[in-house]
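**Student:** The residues making up each chain are set out below.
Protein chains: 2
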Amino acid sequence: MTDLPKKVIFHEEGPREGFQIEKGSFSIEDRAALVDALAASGLEQVQVGSFVSPKAIPSMADIDKLFAAIKPIPGVRYTALWLNESGYRRAVAAPNIFIDGKILLYNTEAFSQRNNNCSVAEMRKRQADWVDLYLADGFQYESAYILTAFGCNYEGDVPLQTVVETSAYALDLARERGQPLPRIILADTVGWANPEEVKRRVGAVRDLAPDAPIGMHLHDTRGMGAANFYAALEMGVDMFDSSVAGLGGCPYANHANQHGAGNICTEDMVLMCQEMGIETGIDLPALLEAARLAERIIGRPLSGKSMHAGLPKHSRGAACHDVSMPNRLPG
Amino acid sequence: MTDLPKKVIFHEEGPREGFQIEKGSFSIEDRAALVDALAASGLEQVQVGSFVSPKAIPSMADIDKLFAAIKPIPGVRYTALWLNESGYRRAVAAPNIFIDGKILLYNTEAFSQRNNNCSVAEMRKRQADWVDLYLADGFQYESAYILTAFGCNYEGDVPLQTVVETSAYALDLARERGQPLPRIILADTVGWANPEEVKRRVGAVRDLAPDAPIGMHLHDTRGMGAANFYAALEMGVDMFDSSVAGLGGCPYANHANQHGAGNICTEDMVLMCQEMGIETGIDLPALLEAARLAERIIGRPLSGKSMHAGLPKHSRGAACHDVSMPNRLPG
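Going down the list, the sequences are from chains A and B.
Here my numbering runs 1 ahead of the position in the first sequence, where the first position is 1.
Here my numbering runs 1 ahead of the position in the second sequence, where the first position is 1.
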């Protein structure tokens, strides 16, 4: 019926996106237990945290210790985020880490200034340096995040052509160095995407470079996350950032929290894939348990749905939460 | 790119689905204010409540009074639900009501017994009587709800062929009486649908009767509601039941509440439509205010997302909630 991929890879970001925006402080032991539970569920890529200034994000000050505390499963990529060279240097020195040489490119000046304190052009230049750094250190230039690829809270609409040009810059960085093309990851950083626009922009990047793999970083800021995910699947996109239990934001009337809603919820999207016959390599009941662990650690209800509703009876191997009279008619 | 409809009609069910499962008691004044706010936002159909046994659903005991309290806007259809003839008789006698002659058909014995205390065959017979009743009273036979059209918590998978046969029965009731075909409304009563299955089942019903309008009643039980909605749009479905603020369930760790998650969220789906250029006739900022009113009345955070995140800047006429640093990179 469509170009659905045969297999989808999830890059789990809950341990980073989730914990860096929470107000509380969480023990290394709990956070390592969550990372371990996520990896044990079959997730191939788990982002453990950020190597950033402890002043900016105090909750990530102990990121080295967290990396040391995980019980690595062979074959799982434990990844991290950095925003500058010194962060990258700290990351390289961390135990158990997998360096997925990625770069970050902006589409609007305001967001670039706000997030990285430099212009779009300056950030491009720095990212070219990052690519050289990765290659010099023996890592691959794997992916390029195209940030605010669907709109920017500061500048408004981001033209499709801008996204194409930014993607072209990322691809040229590889071509100029004789490297394989990186994965272009379109990030709906602030939740402006809709399914039709996902198709248009993914299509435009595919037209630009049919051989470049494409990924997406989606948020469920305005309740369209699952629809955007499905639209991307329809376009054959086979890699997604996501957060267990929908970690990464508390959309529920927590107006003091200015971070908006979290990423698309890993286990809900895994369920969608499995129900549609798309392979994920993930043990869904185990992932649901990891989601519930995340909820216990955070200490408040999280926005994931399957973790609360249970799996439908026909999900393979899953216990069914028998829901009596789930609705009065015709509900 | 697809068969997206030009216009979508929402049948707002929040005042019924929402309030009948809440434990608390809510004043007629508040509930009427919500119905009025919803109708004022441009919604053409608002389901006010159920004419059911006060023993089964105490919160609907005063449904007549609620109908009397609303300030009807000309052209808006204020609808209700009934489960038997005596409920229908009460509905017909209510002020301000619009009788949208609908019938309810089951696909599994267990759910039929559980929800209506009779067999599937007996329910079919009763529904044929309802059609005659509607026509005798001068109302139209408008729509047929095909319940648990994607799976049943008690019996598991519901074969596509069963849904087709049930739909055929509903259509024949009209043909036999020389009436226009009713709208076939596929209800994902317990949240088992996925987007591909939505396409398959909508497609099968369309093949069965290309001239019959199709609608959907969707829940967001497992985080796929928005994706199922989009998949239905792609198939040209142009009418949806939905609930303001996602009313109709509290999926957030409220395990005492056995009702699963609510309907798809009206305002989030309206936003999706508007962003994709599909007409809804709805004033979205006004609808967001109605969602916030629902939250104030219910007295706890509801699951709607746009009501908390605000509209993206480019939404027509909408105030923008400027969200600073919504995520750390690459979020």
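Rather than coming from a laboratory, the hints here were simulated on the basis of the structure.
Keep in mind that a hint or two might mislead.
[Unchecked claim] With a Cα cut of at most 20 Å, we get these calculated SDA-like pairs of lysine to any residue:
1. A:K8 <-> B:E198
2. A:K72 <-> A:K56
3. B:K200 <-> A:Q275
4. A:K200 <-> B:K7
5. B:K200 <-> A:G278
6. B:K126 <-> B:Y170
7. B:K8 <-> B:Y170
8. A:K200 <-> B:P75
9. A:K66 <-> A:R115
10. A:K7 <-> B:P214
11. B:K8 <-> A:K66
12. B:K200 <-> A:D4
13. B:K8 <-> B:G76
14. A:K66 <-> A:N97
15. B:K200 <-> B:E166
16. B:K200 <-> A:L5
17. A:K200 <-> B:M277
[Stated by the list, open to error] So, partial list: chain B residues that the calculated Cβ filter (under 8 Å) puts toward chain A:
18. D65
19. V121
20. D221
21. A232
22. L294
23. K306
24. A310
Beta carbons: idealized from backbone N, C-alpha and C, even for Gly.
**Student:** State for each hint whether it applies.
**Tutor:** Results of checking the hints against the structure:
1. A:K8 <-> B:E198: Answer holds: A:K8 to B:E198 is near 18 Å, not above 20 Å.
2. A:K72 <-> A:K56: violated, 28 Å
3. B:K200 <-> A:Q275: This hinted pair holds, its Cα atoms lying about 16 Å apart.
4. A:K200 <-> B:K7: holds, 19 Å
5. B:K200 <-> A:G278: Holds. B:K200 to A:G278 sits at ~15 Å (cutoff 20 Å).
6. B:K126 <-> B:Y170: Judged against 20 Å, a Cα distance of about 10 Å means the pair holds.
7. B:K8 <-> B:Y170: violated, 28 Å
8. A:K200 <-> B:P75: This hinted pair is violated, its Cα atoms lying about 40 Å apart.
9. A:K66 <-> A:R115: Distance ~29 Å between A:K66 and A:R115 Cα, so the pair is violated.
10. A:K7 <-> B:P214: violated, 33 Å
11. B:K8 <-> A:K66: violated, 55 Å
12. B:K200 <-> A:D4: Holds, at roughly 14 Å.
13. B:K8 <-> B:G76: holds, 17 Å
14. A:K66 <-> A:N97: Distance of about 11 Å is within 20 Å: holds.
15. B:K200 <-> B:E166: Roughly 17 Å between the alpha carbons, so the hint for B:K200 and B:E166 holds.
16. B:K200 <-> A:L5: holds, 14 Å
17. A:K200 <-> B:M277: holds, 11 Å
18. D65: violated, 18 Å
19. V121: Hint violated; B:V121 Cβ to chain A Cβ min 14 Å, cut 8 Å.
20. D221: holds, 6 Å
21. A232: Because about 7 Å separates B:A232 from the closest Cβ in chain A, which is inside the 8 Å limit, the hint holds.
22. L294: violated, 13 Å
23. K306: With a closest approach of 4 Å, the B:K306 hint holds.
24. A310: At 5 Å from the nearest chain A Cβ, B:A310 passes the 8 Å test, so the hint holds.
Going down the numbered hints, you'll see the structure goes against 2, 7, 8, 9, 10, 11, 18, 19 and 22, while the others check out.
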